[in-house]
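Student: Residue numbers (the numbering used here), protein chains in the order written: chain F, 1 to 553; chain Z, 1001 to 1305.
The reader is advised that the hints may include incorrect statements.
Stated by the list, open to error - Coverage of chain F stretches by chain Z, computed from C-beta distances (three or more under 8 angstroms per stretch; other residues unrestricted):
#	stretch
1	67-74
2	210-216
3	347-358
4	480-489
Stated by the list, open to error - Some chain Z residues near chain F, calculated using beta-carbon distances under 8 angstroms:
#	residue
5	Gly1097
6	Ser1167
7	Leu1214
Hints in this document: simulated from the structure, not taken from any laboratory. Heads up, the beta-carbon is just placed ideally off N, CA and C, and yes, glycines get one too.
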Amino acid sequence: MSTTVAGILFAGSLVLAVAVAYRPLGDYMYRVYSGEKDSRVERGLYRLIGVKSGAEQTWATYARSVLAFSVVSILFLYLLQRVQDKLFLSLGFAPVKPDQAWNTAVSFVTNTNWQSYSGETTMGYLVQMSGLAVQNFVSAAVGMAVAIALVRGFARRRSDHLGNFWVDLTRGSIRILLPIAFVGAVLLIAGGLVQNFADPHSVTTLVGGQQQIPGGPVASQEVIKELGTNGGGFYNANAAHPFENAATWTNWLEIFLILVIPFALCRTFGRMVGQNRQGYAIAGVMATIAIISITLVNVFQLIHHGTVPVAAGGAMEGVEARFGVSNSATFAGATTLTSTGAVDSFHDSYTSLGGMMTMFNMQLGEVAPGGVGSGLYGMLVLAVITVFVAGLMVGRTPEYLGKKIGPREIKFAASYFLITPILVLCGTAAAIATTSGRDGLLNGGAHGLSEILYAFTSASNNNGSAFAGLTVNTVWYDTALGLCMAFGRFVPIIFVLALAGSLAKQGGTPASEGTLPTHRPQFVGMVVGVTVVLVALTFLPALALGPLAEGIH
Amino acid sequence: MRLPTWTRRHLAAVRAVLVLTVVLGLVYPLAVFAVGQIPGLKGNADGSYVKAGGRTVGSDLIGQSFTDKDGKPLKQYFQSRPSNAGDGYDAMASGAGNLGPEDIVDTLPDPALAKAGKEDENARQSLLTQVCERSKDAGELDGVDGSRPFCTPGGVGAVLAVFGTRSANGTVPHPTRVVSLNEQEGVVKAPFIATYRGLPVQLARFGQDYAKGLTVPIKGDAPAHPAVPTDAVTASGSGLDPHISPAYAGIQVNRVAQARGVSPAQVRTLVGEHRSGRGAGFTGEPRVNVLELNMALDAAFPTRG
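With these hints in hand, go ahead and build the complete structure from the sequences.
Tutor: Dropping the structure here:
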């Protein structure tokens, strides 16, 4: 079998697997978020947390709860890193320095998992498993909770309430993420991943050299890092490390875990608004963009245009022999189309156009299918913008799912969309304009601009992958990127919840002859178009100076 | 006493963080650890350590170097891929090189330092030169043609700086001066091409700024599919890649057989036994685990001394 055919089967089987999981997982999540009954464990948890599960919240209270939980999480994670030397399982590592601890805390709480540190020499096992990995779960659960709140805004009529954040957080963590993670972790161990608490093991190699081999509770963290679209590697090399991604099939499984929840949430959305076809339409938009994008990354990597790839005879720099070029490209596409940012190969050494596609994927706003929860709410905001654009063209008040999209709604949606471009472009400009920003560059010229643009794109979109040549463990980058991650996560969340609150207050508008049907291929095509056009207009000038200038001679 | 709403909300947040930390950050990883202790999984969970001659020689999953103390390849062993993890296969420093696809110009070392036998810390090989040098070295070691496109016969990137007025399409039709950027005066005797568009090509000098020239990589007439395979001239993402391609193993067979005094066919059979195909027929790429293969070599054809 040729590499190309195998690569197509690899990606094709993933599409199939995600499609098969769509209904059962989506229906299950629907039951989790819509169910009235609490399990005994959950009742115990609510008592410990001190909240009443039946108490519904307004959008403002919901938003304040999200922020309170996130602020406390950041402080807790910061403290844990700062005192790790005094706790157990620290492996003798010193406390993480303040700017890096701040950056890492924000990074994991915002579901970004940008890493300015190298795991095997910075973070003890306790910080990894009880700090970072916990945020892998709960930051994902927060994303899902916000998405569900927005869907409730569409589904409810004349209501002030969007549900209860604490209940959504707990149910998402305990009933959805935890069971899948547990099964996945065991499978990954079977594939070769490590799960131990041993200190690094010194061995004398076959030819008499010395090698220190690390351990750690890796499998339990790896699985949630993919499932929760987090992406922070246990080790520096992330999912390229053989202990994080040991076999060719664990590579497949990890990509599947990245994609499965963001897609299935569309089913949950369809069920909640009472029209499954609306879910299929949104999933159709996501799938269209994802398939085109992953195909393009594969094509660019396999034809390996560019001086070094031609000299080497293939785009294998930064790529593992067991995965090869094509499977790595598929991983790269999946990780940047979602908010994951885990890597099984290093994007900095990709071909210029292949590397550009990974950047473009993030700049799409990570909506195809996007992060767990954040992908769905991002895509629904784009759908709102699309019906607005369509409404302008025919001169009607736009509506979506029976809700009128008035000035108030469109202001929230437009503000949501503007946040990340502002952060990305201003951040990149600031970095280029300052010595501290330029000092971090590894590569010069156009590729240097790409490194910085990638960093701010990744941080502001809460992705976390990197053109890793850039030295980001400096006070300047730790601080600037930390701010981008925080604003890039929480400001859009506030706009989404405000939008949800405003929608929930409305009664329903019955569909009339003039209503734009939002479940047909026509609408799917329009949302794809709006997404791509918006992003292209925003980011093409910057891309032209970076990867395009480098890749086109 | 009733606390203000704001305080109560943050108190709930603190309790939620603590409760979820216990469940997801202690109970869950420990439960996975416990399952990992089941026979059949335990070996993996511990790190897939392998033993040769009664002692642990490493992990099946973590690549290692098969070189002598000076870093020279040991001829009787199959060689791993180039590595950017520390000084090579340092498992506490996993990582990639991260140089871009158009990183083709070297920063040359100070000849004064070189004369004193010191290393110039500011000097840096471009990714292209790394690829060319690895190819040349592997070719010489294994007795195959080490030439590649965009590489000089001396094993550096074949890149010129072309000075002169640029035309509308960005080329320099009538150059005034041409320098071979990666070939240093005093290190290389003559440039890889004598003339470019009728002009004699000069060697590069330390400390000179050639940024004004147009950077032109020269493809040359090396075969598009070089004898030294791609994975032999590129570093992996982890720097700990335990595998090489069957093609890279293939070019090493004769050298290993000769060093061990056995026939190439015998070694080739062993390589075939250690070749893994794609998982389920379509995941990943065919490959050979280097440590396993070398252990099998030692067991089947021990070297004396």
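Student: Please verify that hint: Z/Leu1214, Cβ, nearest Cβ of chain F, below 8 angstroms or not.
Tutor: Status violated, d = 11 angstroms.
Student: Given as covered by chain Z, does the stretch 210-216 of chain F meet the bar of three residues or more with CB within less than 8 angstroms?
Tutor: It holds: at least three residues are needed, and the stretch 210-216 of chain F offers 5 whose Cβ sits within less than 8 angstroms of chain Z.
Student: With a cut-off of 8 angstroms between beta carbons, are at least three residues of the stretch 480-489 of chain F near chain Z?
Tutor: violated (count 0)
Student: Examine the stretch 67-74 of chain F for residues whose CB is less than 8 angstroms from any CB of chain Z, and state whether their number is three or more.
Tutor: Per the Cβ count (5), the hint holds.
Student: Holds or violated: the stretch 347-358 of chain F covered by chain Z, criterion of 3 or more residues with Cβ-Cβ distance under 8 angstroms?
Tutor: n = 6 at 8 angstroms, threshold three: holds.
Student: Does the nearest C-beta of chain F fall within a distance shorter than 8 angstroms of the C-beta of Z/Gly1097?
Tutor: For Z/Gly1097, the interface hint holds, since the closest Cβ of chain F sits about 7 angstroms away, which is under 8 angstroms.
Student: Should the hint that Z/Ser1167 touches chain F count as held when the rule is a Cβ pair under 8 angstroms?
Tutor: 14 angstroms, violated
Comparing the model with each numbered hint stated earlier shows that hints 4, 6 and 7 do not hold.
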